[in-house]
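The listed protein sequences correspond, in order, to chains A and B. Residue 1 is where the first sequence starts when you use the working numbering, and the numbers rise one by one after that. Residue 1001 is where the second sequence starts when you use the working numbering, and the numbers rise one by one after that.
I should point out that these hints are in silico values taken from the structure, not numbers from a laboratory. Incorrect hints may appear among the rest.
Stated by the list, open to error - Computed list of lysine-lysine pairs in DSS-like fashion (alpha-carbon distance at most 30 Å, straight line):
{"#": "1", "chain 1": "A", "residue 1": "K40", "chain 2": "A", "residue 2": "K120"}
{"#": "2", "chain 1": "A", "residue 1": "K120", "chain 2": "B", "residue 2": "K1140"}
{"#": "3", "chain 1": "A", "residue 1": "K52", "chain 2": "A", "residue 2": "K40"}
{"#": "4", "chain 1": "A", "residue 1": "K120", "chain 2": "A", "residue 2": "K52"}
{"#": "5", "chain 1": "A", "residue 1": "K193", "chain 2": "B", "residue 2": "K1147"}
{"#": "6", "chain 1": "B", "residue 1": "K1101", "chain 2": "B", "residue 2": "K1057"}
{"#": "7", "chain 1": "B", "residue 1": "K1101", "chain 2": "A", "residue 2": "K120"}
{"#": "8", "chain 1": "A", "residue 1": "K193", "chain 2": "A", "residue 2": "K52"}
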Amino acid sequence: FPGLADVSISQDIPVEGEITVPVGSRSPDEDYSTLDEPVKDTIMRDLKAVGKKFVHVMYPRKSSALLRDWDLWGPLVLCVSLALMLQGGSADSKDDGGPQFAEVFVIIWFGAVVITLNSKLLGGTISFFQSLCVLGYCVMPLTVAMLVCRLVLLAGAGTVSFIIRLIVVGAMFAWSTLASTAFLADSQPPNRKALVVYPIFLFYFVISWMILTFTPQ
Amino acid sequence: VGPGRGGGGAAGSGPAGADTVSAPAQGGGSAVIDMENMDDTSGSSFEDMGEMHQRMKEEEEEEAEGEAGAGEEEDGEFLGMKGLRGQLGRQVADQMWQVGKRQASRAFSLYANIDILRPYFDVEPVQVRARLLESMIPVKMINFPQKIAGELYGPLMLVFTLVAILLHGMKTSDTIIREGTLMGTAIGTCFGYWLGVSSFMYFLAYLCNAQITMVQMLSLLGYGLFGHCITLFVTYNIHFHSLFYIFWLVVGGLSTLRMVAVLVSRTVGHTQRLILCGTLAALHMLFLLYLHFAYHKVVEGILDTLEGPNMPPFQRVARDIPVVSSAVLNTTAKAIALTL
């Protein structure tokens, strides 16, 4: 290289700069960028999503937030807490008088799956997990009813407490059914709404029955 | 060793050929394989194969033709890191992965397709209501095959309703079930009856040459449970023994008559008709009897209708189910003896 023969670089000037080439496509990195955020951010984001859905169940309006970003965290938490609260209702350790944890769990999830399959077979446009999400979140009023029942039973187990429990559970059962119907019935053809509402009614009725007949020992 | 080396030399170009192997990402089209390195199985597990496949598929979809070369070279280098050895093993694993995936997706789309059941759920609410009411009305024309709707929504909902009613009855009577759960027993009983008796009747119908399909039998028996639902719903709440017997005869009898008439209209021959209808009637009526007595406490002091004054009142406390069945048989025998 004759032209470069007279180029000289003095030894005391440090040569510095970026040696890495910037990567062109950013798209795979964007998906993985949530790995770098602090754990608190991840948890708070999920908790906020779950909390927003709880609010939607409390005031059931025809919004699509529950359906669009479905998640099963809320149903899982509700199901586990309900099953835990229904423990300890057996009369004897040998005989089985009350529902066990696994029983409640299986009833809730199996019932939700059956209702989802039924609504899909009747021509519904909702997807499997969206329906599971809605049905699970609408168990929330009944969980609140269970809490109230347990508190009432702490005070005593007479006729008055039974009437109070009956009213509370009945109201919460109606609320659950109406909330889930508000979300689910829209995805059905209009003349078949009754066919979809009836199994939902039965499902929440069975759960309410389990709550109402709970007697702690 | 000699022929092997010769073969290796022919297929590849010796040790120097190992460096000039073309990029394996081209899908196994490379004929230049160093036979020496065949038995190394590094990187040939199915999971790695699946991952590599997925990555290769994604890169194919995302990048343009021009960049595909760079992608493949990158992949080639990546595979190069695992070594150029084991390529034959990798290709075999690749092919097995493809075949396995194809088979699995075919099996899944065949069996997990709920669209198979879709035509049986194609009903309107008015139709369901009409069929519910029809199930209590026996048909008069038995010389002409009666139409049975092959629908599964109504029967399924009726079975679930029966489960709910049964649970309510068991709870209000403080049934204690050992080695089982209330919910499990209720579901098992109702679904077992519906599916089991349907299958058994279908088998008998096949023997007696009756013209009925399995779905129609399921539908017929399912709608016949409507009578059971009504009876149990009323008698679990109003504890009169005589009331139960009236309901058993009237409501149970009507729904049984309807099912029997429909079956008779589809069977030819007296003996066959007798076998089919006798079995169905017996099973249906006895099931209602069983449901009432096995899961329901008789309140003492209220029953005084069929038992005479010298008969002891029917006591029932905590019980095992086998004990209950013998008690049921005793009571039924006594009741029938008294009425006759």
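Fill in: Violated hints, by number in ascending order, as checked against the structure
The structure conflicts with hints 1, 2, although it agrees with all the remaining ones.
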